[in-house]
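J.: So you can see what is in the structure, the chains are spelled out below.
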Amino acid sequence: MTSQVSDAPAAGAGAAARAADLWKVYGSGEAQVIALRGVNVELERGRFTAIMGPSGSGKSTLMHCLAGLDTATRGQISVGDTALTGLDDGGLTRLRREKVGFIFQQFNLLPTLTAEENILLPLAIAGRKPDPEWYRTVITTVGLADRLTHRPSQLSGGQQQRVACARALVSRPEVIFADEPTGNLDSRSGAEILNFLRRSVTEHGQTIVMVTHDANAASHADRVIFLADGQIVDELTAPTADAVLDRIKRLDAAPVAGAAE
Amino acid sequence: MIKASLRGLLQRKLRLSLALIAIVLSVGFLAGSLVLSDTLNARFGSLFSTINANVAVVVQPKDPQAVDPVRLTDDQLRTLSEVDGVRAVSPDVSAQGVIPFRSDDGEPVSADAMLGFGVDGKDDPLGLVELREGSWPQAADEVTVTAYTAELARVKRGDSLKVYVPVLNEPRTFKVVGVAGYSGGRDSLAGESVVMFQQAYAQETFYGATGRYAGASFAADEGVSDTVLKQRIAEKLPSGFKALTGEESSEEQSAQIGVVFDFIKYILIGFAVLAAVVGVFLIFNTFNIIVAQRTRELALLRALGASWGQVAGSVLLEALVVSVLGATLGLAIGAGLGAWVEHMLIGEFELPSAGIIVKPITVVLAYALGVLVTLIAAFVPAVRASSVPPVAAMRDVVRPDKSLVALSVVGAVLAVPGLALVLTGALADMGGTAFLVLLAGAVLLFVGTLLLSPLLARPLVRGLGALIGRGSAGKLGVRNAVRNPRRTAVTAAAIIIGVTVIGTAATVVQSFKTSLEDIMGDSIGVEVMIQASVTAAPDGRQGFNPKALDQVRAIPGVKEAAAWHFDALNVSVANQPSAFGIFATDVGQASRMFPMDAVDGSIRTLAAQELVVDDNTAETLKLKAGDRTPVVIGGVTRDYTVVGVYKTTPIILGILVGLPAVEDFPGPLAFQGFVSLNEGVDAAPVVAQIEKIMKDYPGVQVGDRQSYVEQATASYDLLLTAVEWLLIVALVIAVLGILNTLLLSIVERTRELGLVRAVGLSRGGLVWMVTVESVLITVFGVALGLALGVGLGAAFTKALITIEFASVIAIPWLDLLQYLAIAVVAGIAAAVLPARIAARLNVLEAISYE
Ligand SMILES: Nc1ncnc2c1ncn2[C@@H]1O[C@H](COP(=O)(O)OP(=O)(O)OP(=O)(O)O)[C@@H](O)[C@H]1O
Ligand SMILES: [Mg+2]
Chain A
1 MTSQVSDAPA AGAGAAARAA DLWKVYGSGE AQVIALRGVN VELERGRFTA
51 IMGPSGSGKS TLMHCLAGLD TATRGQISVG DTALTGLDDG GLTRLRREKV
101 GFIFQQFNLL PTLTAEENIL LPLAIAGRKP DPEWYRTVIT TVGLADRLTH
151 RPSQLSGGQQ QRVACARALV SRPEVIFADE PTGNLDSRSG AEILNFLRRS
201 VTEHGQTIVM VTHDANAASH ADRVIFLADG QIVDELTAPT ADAVLDRIKR
251 LDAAPVAGAA E
Chain B
1001 MIKASLRGLL QRKLRLSLAL IAIVLSVGFL AGSLVLSDTL NARFGSLFST
1051 INANVAVVVQ PKDPQAVDPV RLTDDQLRTL SEVDGVRAVS PDVSAQGVIP
1101 FRSDDGEPVS ADAMLGFGVD GKDDPLGLVE LREGSWPQAA DEVTVTAYTA
1151 ELARVKRGDS LKVYVPVLNE PRTFKVVGVA GYSGGRDSLA GESVVMFQQA
1201 YAQETFYGAT GRYAGASFAA DEGVSDTVLK QRIAEKLPSG FKALTGEESS
1251 EEQSAQIGVV FDFIKYILIG FAVLAAVVGV FLIFNTFNII VAQRTRELAL
1301 LRALGASWGQ VAGSVLLEAL VVSVLGATLG LAIGAGLGAW VEHMLIGEFE
1351 LPSAGIIVKP ITVVLAYALG VLVTLIAAFV PAVRASSVPP VAAMRDVVRP
1401 DKSLVALSVV GAVLAVPGLA LVLTGALADM GGTAFLVLLA GAVLLFVGTL
1451 LLSPLLARPL VRGLGALIGR GSAGKLGVRN AVRNPRRTAV TAAAIIIGVT
1501 VIGTAATVVQ SFKTSLEDIM GDSIGVEVMI QASVTAAPDG RQGFNPKALD
1551 QVRAIPGVKE AAAWHFDALN VSVANQPSAF GIFATDVGQA SRMFPMDAVD
1601 GSIRTLAAQE LVVDDNTAET LKLKAGDRTP VVIGGVTRDY TVVGVYKTTP
1651 IILGILVGLP AVEDFPGPLA FQGFVSLNEG VDAAPVVAQI EKIMKDYPGV
1701 QVGDRQSYVE QATASYDLLL TAVEWLLIVA LVIAVLGILN TLLLSIVERT
1751 RELGLVRAVG LSRGGLVWMV TVESVLITVF GVALGLALGV GLGAAFTKAL
1801 ITIEFASVIA IPWLDLLQYL AIAVVAGIAA AVLPARIAAR LNVLEAISYE
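As you go down the protein sequences, you meet chains A and B in turn. Note that the working numbering gives residue 188 to position 188 of the first sequence, counting from 1, and the numbers run on in steps of one. Note that the working numbering gives residue 1184 to position 184 of the second sequence, counting from 1, and the numbers run on in steps of one.
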């Protein structure tokens, strides 16, 4: 996969985010749930990575931990050259401000702000001014130029999600984390979002990590990581939809090696 | 960020408007009280500056209240008027309580002030008073009156006019020789009546000799400033006098009058404090609710990089905006309230208004109160908002309700010693300190109970719920009410506070009244009482001539009539100022009319320099029968012998001396009269006859025994009314609080409501469910408040009984029931809007509500 590097750090120039021996345990005693059991993963710069796996396998948990939204029970995490382990609330806040962007499945936007205000919110919070050229590029790429003054309630689900993408892109973070960004959308709007994410990786060198259940969506990525029962069980580079489906079938058939460990 | 929080503000209009009302109320009452007193002062200030318009310097006694105030002599007045720079002098010969009678029906006129002057037959050198027709009085039996007085008394020049002259203690008849007015064509300055006598006659009557003046006003020559003239006059001033500039005099006089209206100011401040305290709870709840509802939004902000400080700040900013808005509205409403109350108080007076006065300090205090109250209340919710974890943006994070243990432990730590103190104060015999102990205990117990109320909410509401929570809808309502005991308790706090205060007051007042009625009924031989109305501390210069009682004694059926004199001015016993004053009467006669059991010595008619005293006062002053002690009455100190000590009762207490002591009183008038009747004589006709006799003494009232009880308890009833108004204010705010909580519950439980509707609950059932929740919260507050209030009231009464101020604890069941009923109605009223909103929910939409 060749990537056309423009204004983001070059692909392969180290990891945008990495986790080493990452454990996440919820609750204690009877109610204890081990969501992640010793995950080791490295997400390369300037690439589009998809995370797949059955429901409850720990995809969201892994993403939350990598993004500094949740704290790991054990293990090391770093985003860019910042180690998350031991960061206090202030440090994590700064990390979210400067290095990561988010796209969620739902409730992405503040209902009281217009689309434009939502897009600029992370910059406003950080007290930064947008780079006008980049801002215009983002707006035109997501095709929202004529919808900027609308409120979220006046936008369709697909449009709302595009606003969320624009918001994540506008501050040019080290990594964008997206948790099932197309989960609530019909296939056409979903495809639009995916193309759009793909382009921002290819054209602008943005690093994106996306959780998805949809093999088609995963085929837009450069690399797919398969999770099962809190562990990485497989991975695929330059995937096609068929290859992904095939892999999922195989994983379902053979119970995960080492899951009983 | 700022934009985001301000936008959100508009979206939460309804919720915030409730908090806004709380702020408006408390700021409104505060501003109202300040505006009231400033507006009053301005009105009187303008009056006195009119009076002192041409006056440069005023000379008056340093102590005008003295028993025998110093007077200026002719010589002294001449010396002062010869001071360099004096243009004109107007000497002051005047008395208050000079009351004209109407010419047609013979009734005394009533005016806002009733003055008598002595005038020297020449025009007023200061140009304030102008003769309109006729002449100034030239003989002892002539008077000139102001036009307003002529109108009140329905007389014209040439008529005769009956006038009550206080120092003479009886009415005299004069001939009206002239009518006067004020410069500028005014008939009166402030609705006062003025009778002007010949100067020598007035001096002799008011001051006992001619050639004496109470003081004088001076006008200055061109180019001589008031302060310069004041200094020059001060150098020549006889001892006992002081000199003020006209302006200083105006300020002093208006300040004196302002004091009279202070109590209303304090009632309004009481409202403001209560509204502020209750408002804190309401605002606290509102912001907690808003934060709970915005969890997702706040988490999103956190995920997008907002620091906890920014999130807390956004909540506080919202609070600040609401508080500034509330304070502004409150200030406007308060100004209106102050102006309205001022108008109600003295609008009837013929005193022109000087406009509504809103001083800068009022504005500052209003905003300070509004902002302070809101920020205090919003602080905890803001901290809570800042602790929303960013993950909450993506998944429901159950934030467990904090355990009630810590809160309850603190509550118990306060309440238990509080209760112990209350019991000690009530049961131990500690005299006056009991009340301090009680008060401290009451405050601790009260705060402790408030903190314990979340713990109490569950079992109490369940218990109450068993009574009204019939049917499945009712049961759901009960369950909702106990679901979040912390919220239920905070919501009920406003009611608990209000009801506790009213419960305490009602119990004490009822006990006091019942005690008084008991004693009056049992052991009093008094059938009719005569009472002077007092406008100042009585000292024998207001009231009626005791000789009038001779006529009363002549009425058939009257057994005895006793005159009681009273002096509350500068009296002292055993070298201690006597707070309750000193009574002079025939003590032997008093003991036949009132229960006066001797506990030491004997209770009998006293000779000169003898006294009896009640046992409580005796203990305080360390007196026993046979002691000799110095007594100061009317500025004269004499050694008195303690003849006896009697048992204190709620109706008779204090220091009693014999009638010979009246010689020393500043005035010879009796303050009260008590009349006993022969067996079987009807009181009503006797009252009517005595009224006729007392007609010559304006302001003296006559009534039967029942009216005496009513009068004795009237001031307590007034207090109770004030407290009832407090309760209403608290209830209004409480209703807002309940409304607030219910609205939140409905938003929070939208899906649940949809579900119960989907499985078959009717609209009416839903309404009932919400109503049950509302009424339960209200009744919980009332129950807790009444229990506390009645308990504290009983404790205070017990302490009153210990010092013989009351005899029984009486619980005003009827009043309490009434408060409960009002609260239930309030609870139902609060449920109306939320219940309607709940009932209108579309079932399908509600179920899929995010
Ligand atoms: N706050 C929590 N408390 C307890 N257990 C949790 C919590 N959050 C997640 N889990 C558990 O951790 C495991 C992983 O959850 P996670 O949300 O990461 O799954 P997922 O792979 O994203 O699933 P899905 O595809 O359904 O979104 C699950 O078993 C889940 O029940
Ligand atoms: Mg998930």
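These are calculated hints, taken from the structure and not from any lab test. Every residue gets a Cβ at the ideal spot worked out from N, C-alpha and C, and that includes glycine. Certain hints may be false.
[Unchecked claim] A few chain B residues that face chain A, going by a derived Cβ cut-off under 10 angstroms, partial list only:
1) Leu-1301
2) Gly-1305
3) Val-1391
[To be verified] Partial list, computed: chain A residues near chain B (C-beta under 7 angstroms):
4) Leu-69
5) Thr-71
6) Arg-96
7) Lys-99
8) Trp-134
9) Thr-240
10) Asp-242
J.: Now tell me, hint by hint, if it's right for this structure.
T.: Hint check:
1. Leu-1301: holds, 7 angstroms
2. Gly-1305: Status holds, d = 3 angstroms.
3. Val-1391: holds, 5 angstroms
4. Leu-69: holds, 5 angstroms
5. Thr-71: This interface hint is violated because 9 angstroms lies over the 7 angstroms limit.
6. Arg-96: With Cβ-Cβ at 4 angstroms, under 7 angstroms, it holds.
7. Lys-99: Violated. Min distance 9 angstroms.
8. Trp-134: violated, 18 angstroms
9. Thr-240: This interface hint is violated because 30 angstroms lies over the 7 angstroms limit.
10. Asp-242: violated, 31 angstroms
Hint check: violations occur at hints 5, 7, 8, 9, 10; the rest are consistent with the structure.
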